[in-house]
Amino acid sequence: NFLQSAFQKAIDDSGLSTNLGIKIVSLKNNNTLYELNANSLFNPASNTKLYTCISALALLDTGYTFTTSIFQENYNLYLVGGGDPDLTLNSLDSLARVISEKLNKIDTLFLDESLMDTQRFGEGWMWDEGPWKYAAQISALSVNDNCVDFYIRPTTLGSPVNYTTNPKTEYIMINNQSLTVNDTTGFIDFKIDRNWANSTNDFTISGMMMDTSAADTFSRNIDDPTAFTGFVFKEMLSNHGREINNIFKREYSGNGRLLVSHTSKPLIVTLDNLMKESDNLTAELLIKLIGHEATDKTGTWQNGLTAIKTFLHNEVDLDTTTFYMSDGSGVSRYNYSSPEHFIQLLSWAYNTNQIWNNLISILPGGGVGTLKNRMNGENGNRIIAKTGSLSGVSCLSG
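Read in our numbering, the sequence shown has 365 at position 358, and its numbers run on one by one without any break.
Please keep in mind that the hints were generated in silico from the structure rather than gathered at the bench.
From a predicted model like this one, the values you see are computed outputs, not experimental measurements.
FRET-style restraints, in silico, Cβ to Cβ:
no., residue 1, residue 2, range
1, Asn321, Lys35, 25 to 31 Å
2, Ala222, Trp134, 30 to 36 Å
3, Ala221, Ser33, 45 to 51 Å
Each computed DSBU-like pair below joins lysine-lysine, with the alpha-carbon atoms no more than 30 Å apart:
no., residue 1, residue 2
4, Lys283, Lys140
5, Lys140, Lys198
6, Lys140, Lys175
7, Lys175, Lys283
8, Lys140, Lys256
9, Lys140, Lys379
10, Lys316, Lys30
No residue lacks a Cβ here, since even glycine has one placed at the ideal position from N, Cα and C.
Start from the sequences and build out the full structure, keeping to the hints where you can.
Shown next, in the form of structure tokens:
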């Protein structure tokens with residue numbers, strides 16, 4: 008028919024010499040409009056987040072909130088992480104300000120990340136993912152996306168670039184070897200790197216920046232987000248006039264008193280960020296949260312993924328032996344699904360009113376989020392979809 012011919016022509020005209028999998032179905036009558044290798048397995052990249060998001064909508068209350076709490080026990084504080092993927096530096100500083108108003112003396116700050124395990128990277132994440140924001144380490148006690156933001160601008164010719172960081176913290180060391188230049192002869196690309204291979208927080212700024220360049224922002228992940236959050240919190244307390252003698256990781260005993268807590272926005276807001284910005288940290292924290300809620304034990308990738316696969320099997324009627332889900336974000340190279348799997352998942356969501364109404368409100372349309380440069384014309388509102396991109400991988404489901 009016309010549609011099949013049009014799709015085939017588009018594929019032929021593309022000149023792509025790669026494996027393709029496509030399935031297009033009308034949700035009005037379940038008729039298949041086009042398919043190609045629909046049951047073949049492919050790496051879905053961030054389309055994996057559709058499994059994570061729909062499972063979260065089904066297994067968690069959309070009004071669920073993440074709570075970051077501070078307890079006092081004698082002269083000690085416990086900063087207890089609640090798995091909040093969106094805790095900001097401003098929110099953490101507000102907690103420090105309240106503590107400084109309530110206490111005059113603090114001995115030790117204990118950091119409690121026990122809601123979730125301490126495995127920082129998902130199965131199948133590459134050892135050399137590097138310092139990029141998309142590969143931020145996972146912790147129940149996270150802040151600022153477990154990244155440091157570098158604000159960079161050129162200076163005078165022959166001088167290093169000017170930089171400031173957010174947060175401004177002694178948790179990191181910075182070696183600025185960059186150069187401001189006025190021509191591209193022998194130009195060396197500008198770069199901000201962390202010595203991730205040795206698990207340090209030593210950063211190097213190198214390369215060149217044109218003196219006519221506008222100011223720019225770079226986000227780089229840090230090693231050990233729990234320690235990072237605690238150290239930054241200690242510095243915030245110091246800025247509010249309260250010094251801390253020691254910082255250790257330790258689970259809260261339950262014998263103290265609650266001093267103050269921060270509550271996140273409802274889960275649906277978190278899921279909106281997950282889908283529109285394709286936030287990997289959010290996806291992985293949701294996996295571990297689902298595992299915790301399902302078992303009442305420390306959340307792990309294993310118990311979280313088990314709970315999700317049980318839901319997908321029992322409720323969505325997906326044969327979970329026919330695909331592999333290794334993480335929640337799609338960073339893992341071990342993830343494999345077919346177009347048919349996503350058709351089944353989205354069809355189930357479409358026919359489950361409460362899930363569908365929430366899903367269509369958070370999936371990006373053309374020109375929005377990760378679709379900001381795709382289908383952003385007048386017909387952009389005719390599509391809602393999740394993108395997926397890795398080296399050698401490009402996916403779209405919606």
